[in-house]
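Participant: Residue-level listing of the chains:
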Amino acid sequence: MATRITVDPVTRIEGHLRIDCEVDNGKVTNAWSSGQMWRGIELILQGRDPRDAWVFTQRICGVCTTVHAIVSVRAVENALQLEVPVNAQYIRNMIVAAHAVHDHIVHFYHLSALDWVDVVSALQADPAATAKLASTLSDWPRNTVQELTAVKKRLQKLVESGQLGIFANGYWGHPAMKLPPEVNLLAAAHYLQALEYQRTANQIVSILGSKTPHIQNLAVGGVANPINLDSQSTLTLERLFHIKSLIDEIGDFVKQVYLPDIAAVGAFYADWTQYGAGVMNYLCVPEMPLDTIGNEFELPGGYITDGDLSTFQPISSFQDAFFEQGVAESSKHAWYEGSASLHPYEGETVPQYTDFEDDGKYSWVKAPTFNGQRAQVGPLANVLCMAAAGHEPTKRYLDTVINTASSLAGTQIPLSALHSTIGRHAARAVRCAVYYESLQNQWQLLMDNIGRGDYETFNRPTFMKGEQRGFGFHEAPRGTLSHWVVIRDGKIANYQAVVPSTWNAGPRDEADELGPYEASLLDNPIADPERPLEVIRTVHSFDPCLACAIHMVDGRQQEIIRVKAL
Amino acid sequence: MTSDKGRCPVLVLGMGNILLEDEGLGIRALEILRRDFEMPGGVELLDGGTTGMGLLDDISGRDHLLVLDAVQTGEPPGTLVVMRGDEVPVYFGIRVTPHQLGLADVLATLELSDEQPGSVSVLGMVPFSLEMALELSGPVRSRMGELVNLAVQELSDLGYAPRRKA
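Residue numbers (my numbering), protein chains in the order written: chain A, 1 to 566; chain B, 1 to 166.
Check the hints yourself; a few may be wrong.
[Stated by the list, open to error] Residues of chain B clear of chain A, computed beta-carbon distances all greater than 12 Å:
#1 Cys8
#2 Ile32
#3 Gly41
#4 Val43
#5 Asp47
#6 Gly48
#7 Glu75
#8 Val81
#9 Glu111
#10 Ala133
#11 Ser137
#12 Glu146
#13 Glu154
#14 Ser156
#15 Tyr160
#16 Pro162
[Said to hold, decoys possible] Derived coverage of chain A by chain B (criterion: at least 3 residues anywhere in the stretch with Cβ under 8 Å from a Cβ of chain B; other residues may be distant):
#17 59–70
#18 88–95
#19 381–393
These are calculated hints, taken from the structure and not from any lab test.
The structure presented is a predicted model; accordingly, all values stated were derived computationally and were not measured.
All C-beta atoms, glycine included, are put in the ideal place defined by N, C-alpha and C.
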């Protein structure tokens, strides 16, 4: 019998997302992704000074404050054709990298691991056997019988108190949970340790950004971090070496814990490499600019069609016409007026609410396309494109994860296994390691440049009469983010943000093609429609974050699942 | 640009989204406190926006956490809200922001490492309008002075009396 499952809201994400699935014979046969909040940041920015835009855009979302700030100054600089001192690029790049490391660790361990890890089952684990198993995975010094015993006791206390706290509302004992108790205990221990390391990564953002959660050091034209090796109120050698010590603290966790953990989860859930592929056109942009204008980058970006790495087309500069001309958004199935795909410079944000109409409008998120095609963005797109471009560190970490998972599974796992729900998690871990390495590189580049006596961090912008258009992009933790600005006589005339979750969570497009979330849910198995853990797994694998895609206000905290016979 | 977090025993945390009119009233109250009052040593003021896990480090290990926020209690807009002790968990169930990864998760997470604040109080107001706008609505704006006075009183009761700037 066919049924329809509605999950509204999906929890452990930022923002309000509703997912509908039709299920027949234990499989998803149709799906709808609906953003339940309206966004109007574009309207607030009209008429304002372009130099202030980043201060407002970083308030769009509570998770992605930093990324919306950085991409906003890039967009305005692009419109003004303003160059940025390389020191400012390096400092921004370090913020970008440290934020990415923090964000990926939090997403895997704290927001999505509980889809795969059964904390209650960990109580059955033998700490000695767990430590032995862990020693086959990595040399991480904290996988000791002593620490694992302490973690088990802590979990025991939580479960006995009846107050699971942060672990409440999990799918404990669900038939799709497959990890042995020892792996569950190991993962629970790393969940707790991850709390420490994500904090350390965040401290780097905090020092460079002058403050968190909202960084204050940005400026159109550079950064407001004066470099003066002798003055205590500026970026001194002491602070730079303190940052270095923080960077050093997190490296082993990323390489000896996160990477092997993801390989182990992938090996135990090898069946999940068959589900969740969805849209296999992959888009990402280059990141970590190394020159003043953005023609040279440490990390490559581009576009892959149909999951075929040989089709890779590079996106190579902040002025890239292939990217600038390729992006459009359709409102045919979104609650806005009009239906034609519009370029962001021409973008409109005029609400037109209808009810949830399966074949009509059903979401506050628009449907973006790249050269007329739906595209998936995020760590998987990023890692596949960097690998296609021949980026050595990406290929190295990708090999590490695939080889470890293959040896645990006892069979060679092909690269094509990445086009899947579990593949998105694996790619996120690989990206975390790549960005960690980049964080080290950018620190060194900054030190070397300062050593050459270059202390410049800011070029003053000048505004011209008439109209300028510009776009800025940033490869954010959830994927390609772009801001588009039209400036008229020194004021903002139009502003559009095309965010990662718009690419992935968008509804059907002008040609009625399914968006990445929707397409990825097709054929997912559903063991129990009342507890659709499988739907949650695939949706969480994208790391949804919809506060920026949209806005609305709703006090509900519990995941509500409705099942209706069709 | 040093971070001095974790050193002050009292954290006053403004929460909310300033882009959504009254959603940002906690941040606006914090701004008034910063502008009009001299804080004694031991009190840190922080604009938390709508962030969640990013605040873990800022909140950890405090003696007292004082949250300023818009709170939807069902009472008329502009009603002042005070919650302490056992009432605080109720606040998390009725937060007006859509942010799932809110303060509740941060506090629950800090409990795992025994770093939760010694005590928590929430001072706020029922919002009137949550449209896209930077300014507060009239009904809320007219009572902001009272909300700020409540915060000053709360800090004084904790033994950290702020002094009004001349």
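Participant: What are the numbers of the hints the structure violates, in ascending order?
Facilitator: Structure breaks hints 5, 6, 9, 10, 18, 19.
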